[in-house]
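Residue numbers (the numbering used here), protein chains in the order written: chain A, 218 to 621; chain B, 218 to 621.
Please note that a few of the clues may not be correct.
Repeated chains share a single entry, so a pair holds when one copy, or any two copies, can fit it.
[What the hints assert, rightly or not] Below, a list of computed lysine to aspartate or glutamate pairs in the EDC-like style, where the Cα atoms sit at most 16 Å apart:
1. Lys241 - Asp467
2. Lys241 - Glu500
3. Lys243 - Glu468
4. Lys251 - Asp279
To be clear, the hints were calculated from the coordinates, so they are not data collected in a lab.
For reference, the chains in residue letters:
Number of protein chains: 2
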Amino acid sequence: MSKIKIGLFGFGVVGQGIFEVVRKSKNANAEIVKICVRNPSKPRKVAADPALFTASADEILDNPAINLVVEVIDDAQASYRIVKSALLRGIPVVSGNKTMLAHHLPELIEIQKAHDVALLYDASSCGSIPVIRNLEEYYDNDLLLEVKGILNGSSNYILSRVFDHDDTYANALKQAQELGFAESDPSFDIGGYDSLFKLVIITVHALGTYVAPERIFTYGISTIHDADIRYAREKGVKIKLVAQVVKVSDEHFTLFVMPEFVSPAKYIYSVDDEYNGVVIRGECYDRQFMFGKGAGSLPTASSILSDIMARLHNYRYEYKKLSYLHKPEYTTDITLKVYVRYTDTDIHGILRFSKILEQYTSRENGNYLIGEIPLSELLAKREQLAGEDVFLANIPIFFLNRDN
Amino acid sequence: MSKIKIGLFGFGVVGQGIFEVVRKSKNANAEIVKICVRNPSKPRKVAADPALFTASADEILDNPAINLVVEVIDDAQASYRIVKSALLRGIPVVSGNKTMLAHHLPELIEIQKAHDVALLYDASSCGSIPVIRNLEEYYDNDLLLEVKGILNGSSNYILSRVFDHDDTYANALKQAQELGFAESDPSFDIGGYDSLFKLVIITVHALGTYVAPERIFTYGISTIHDADIRYAREKGVKIKLVAQVVKVSDEHFTLFVMPEFVSPAKYIYSVDDEYNGVVIRGECYDRQFMFGKGAGSLPTASSILSDIMARLHNYRYEYKKLSYLHKPEYTTDITLKVYVRYTDTDIHGILRFSKILEQYTSRENGNYLIGEIPLSELLAKREQLAGEDVFLANIPIFFLNRDN
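Excised from the complex, chain A in its bound form:
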């Protein structure tokens, strides 16, 4: 490919960032030739030629001069339609839509193979941190044991404000929204879904297996109370929203997203504000840590630019691990040690703990317990927990003799 001619879908903060970044990179040999938006005549901050804009997807998809579709729209349904149409026509695609990818990856991988066409999405997973590419290319062997990290900048920003700046949760959330880190509907971030969708994508490239989001236990931070923060502070830990995929034996791996008590000795303890941090653990290299800006217009845009540049050399994900013969299977049959804080909820009526290690009740301070519980039990009771004033946090322990 001598020059990349881009059809861009979406011109929100990320789309505008891409426009800036492509212009800045003198050696990129890439050009945005058409931009599809809902309302082409809307006034925009970024100085782009009005002739670039169109409201018609076909003006991009039917243009034989365009050799790359870059899709950064919010709407996952529309994203799916555009990405699929482009791939079916043999046009390579760069996408940043984690919701869409987490739900449609198996089909989109099949289409890539059948039509010999590339779909790249490094920007979907950790903003500017090259997690997918490294899992695919560098950790492309079966020595990988764990990928664990803080994948959502907004919820991490909120937790940092609360922990390090004594801010209230409500105030921190408002600030995150004002700074543009959090979506206007914050449940996507603070409910853990953003982290979950990224984890689904990461797992495909880490262990070669797709696990549908609804099969993965996900618990967010929206029910966090002052009592939880006090408790964590007393124990000398921070509460972070952590997503993890962990090989628990040669035959099995597990996945979950939930708040976690993180001790100062852990790398992710110092991942604060809107930053993301990912720990990759393997059999020979121990732990590696990657850290960077996980959110924001330009970091995401520069990650998209890396995918665009990769297309100059016809790069595509090979999904090698999907065809491995010795692949571990997904299990929720592991036991977690958890902190559960609740107010009026009949917690023992909902959750069957395998062991209660501590139990504290107080009319004034609320109640909490420390207990052991199978992950499968948490997953099964997810619906019943939703809406309850209950806060859950993982207390890292060894799974099946492995340090997590």
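Let chain A serve as the given structure and place chain B on it in line with the hints.
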């Protein structure tokens, strides 16, 4: 390439690590078919079939079944001969020899092009941290501003012992050697040459320019005194041996390796013991940080395995940045702010400072000054400084309006 058949040169700690790692990785589809060593009949700890060993390089180079040479021998001269011979015969090579690469990269890049053959060397630069691959593939655009880090595990281990454990320098060095982090000739590590050679390789992939090692100012840690450690502690900083390539303007970049006062706000402050840490800074993504084990048999071996696996898919470095039209040039025409501690040396007789900011003299505690000095002046006086009881440390300031 359906299966990788490896001819291995060298069976020291790294070679043995590779042997282990290849065996561990069930899906690797790679096999070591011959091992060239100086003394094939020497008894070895690792249980390898004696028939695998040979003392003849040609038994590997002339074997048509071997489709990859992996070279992990100590001797840079021998490494050069082997790598060059293999490439000239069209056999792809994976090498971990930073000394050899730092001196011969331009020629080896030419040979790769002329003979359409790949040379991979990710393991040469930061042990298990995939710096080269990421600079080549992910940061493959001209938004990069800086790569800066702790690239040498041995000297970092020594400095950590001294700073965090109140150990003496001599004792720390002895420990590093006992633990196998330091070479038996420690000058390679503590003189800064290991970091220098890695920096030369990194710069080729960061900015597309090869700068010969002798053109780069390099100052090690062997002259560090208690007085320097006390001074740094009083200022609340740590002394780290830092290598850096920094774009100082659109037209110029600079390079140097020297001890640096690192404040707690910096990512590399917490890179302790034998770990390496690299900060990559760009125009859009701000700072990214990669952290991991930089030394040791298995971390290096797993990095070599990543290069081996990459060959399964015919991966090679494209050296795209070498052909960029807008490339910054190397300059030493920048001013550093430095701490200089000396005993009897006539420091003002050797170094011409552009400005003296502080000067302290004491018969009892030794003398130091804080001054500004051109990097070109330091480079010019390198020979005169060698052997003197002088300790130099960079105090990070802004270069030409850029935050370093």
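Each hint tested on the structure:
no., hint, result
1, Lys241 - Asp467, "between (47 Å within a copy, 12 Å between copies)"
2, Lys241 - Glu500, "between (41 Å within a copy, 9 Å between copies)"
3, Lys243 - Glu468, "between (48 Å within a copy, 13 Å between copies)"
4, Lys251 - Asp279, "within (12 Å within a copy, 54 Å between copies)"
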